Amino acid sequence: GQNIDQPTEMTATEGAIVQINCTYQTSGFNGLFWYQQHAGEAPTFLSYNVLDGLEEKGRFSSFLSRSKGYSYLLLKELQMKDSASYLCAVRSLYKLSFGAGTTVTVRA
Amino acid sequence: DSGVTQTPKHLITATGQRVTLRCSPRSGDLSVYWYQQSLDQGLQFLIQYYNGEERAKGNILERFSAQQFPDLHSELNLSSLELGDSALYFCASSVAGTEWGAEAFFGQGTRLTVV
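Protein chains in written order, with the working numbering: chain S, 78 to 185; chain U, 100 to 214.
Just so you know, the hints here were simulated from the structure itself, not pulled from any lab data.
Among the clues, some could well be false.
Mimicking DMTMM-like on lysine to aspartate or glutamate, the simulated pairs with C-alpha atoms at most 20 Å apart in a straight line are [claimed, not checked]: (1) U:Lys108 - S:Glu86; (2) S:Lys145 - S:Glu132; (3) S:Lys145 - S:Asp159; (4) S:Lys158 - S:Asp129; (5) S:Lys145 - S:Glu118; (6) S:Lys134 - S:Asp159; (7) S:Lys158 - U:Asp100; (8) S:Lys134 - U:Glu202; (9) S:Lys158 - S:Asp82.
Which stretches of chain U does chain S cover? Using the computed rule of at least three CB atoms under 8 Å from a CB of chain S, they are [what the hints assert, rightly or not]: (10) 131-141; (11) 145-154.
Since we're looking at a predicted model, the values are computed, not measured.
For every residue, glycine included, the Cβ atom is placed at its ideal position computed from N, Cα and C.
Pulled out of the complex, with its shape left as it was, chain U reads as follows (with noise of 0.2 Å):
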């Protein structure tokens, strides 16, 4: 158990419809990462938080939002929902954005199915 906690596990949903994934890192860990693999792809990285603020973004459709709330849990928001944004979500949380050797662990991540 690495410590991330994500939620759900799994969701299923209709092309059009907008979820949010919710996460919760580490506990002290200020930094979350949010990453997208669909199957048999690799990890594609979509933004990152560092206590409360974005500080850098990936290949992040506009559809898509994310935010870091004070008690350092983030959700990702998925909008007008496409058959082609089925994946597996995942969050990573690591002490810190920058620090030397603050590896990131990873949640065991959110499989969304749109139908």
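Looking at chain S on its own, in the form it has when it is part of the complex (with noise of 0.2 Å):
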């Protein structure tokens, strides 16, 4: 089986910057990504990482280290639009397992 741990919440200033963290178990790693959901809606993609190291893209940047079963992302320059849940996920041969999610609140 796969555990992925997430923290459920973290609140923070707009344009200040939030890390979300991501430990997880699993067999037959081959890859790790992060989604955003809004409420009731569909996740989206946000990065993916498969090698060790830092993944950047625009605002987002991802990390990933498989000996430590260890990822965050690190949000950036952070905007009221980026109020929403952000979801590890990790793929294990043919399965995409998902964390609970953390609800990241971004106050003015």
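Using the hints, put the two chains back together into the complex; each one sits in its own frame.
Put into structure tokens, the structure is as follows:
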């Protein structure tokens, strides 16, 4: 099976930086994904890591350490529209499993 | 628009009934995933198909079944419905099941309400 853990909630101020951590345990790992989901809507793909290191995509960056079973998503220059749930997902063989999600609230 | 189409968008039905949810993957995608998301819950993996064959199964109830057809569209059948089956059901597709970098794209979901 897979265990994927991430914090339930985080709050930050507009313009600030927030880091969402994700730890996982799995066998047959072949990729870690981050998705954004607004309430009642479909998850949308943000980033993907398969090798150790940092992937940067505009205001969003994602980091992976396979030996530690650890990833984080960094959101910079937070905007009000970034208030959403952020889902960490691990691909293992044919399965793509999701963590429970971290609800990020951006305050003015 | 992700290119993944799910129908219907909303479904209200009574306990004990059976429903079928439909998913058309993005053009060229061979892999289809089904997920259940109850209120304030995470995405629960149900089942995955690749090119017509079942490849992975999650915590899918015996009352639920799915299939992927030769044209690659997929259907999720839910029977003997209970109040607790009320949820958003998402379908996602990707190019392949295990290929590196093959992120999954989600449809808009079907909101099922069992009354």
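Which numbered hints does this structure break? Going through the list in order, the structure violates hints 1, 3, 4, 5, 9 and respects the others.
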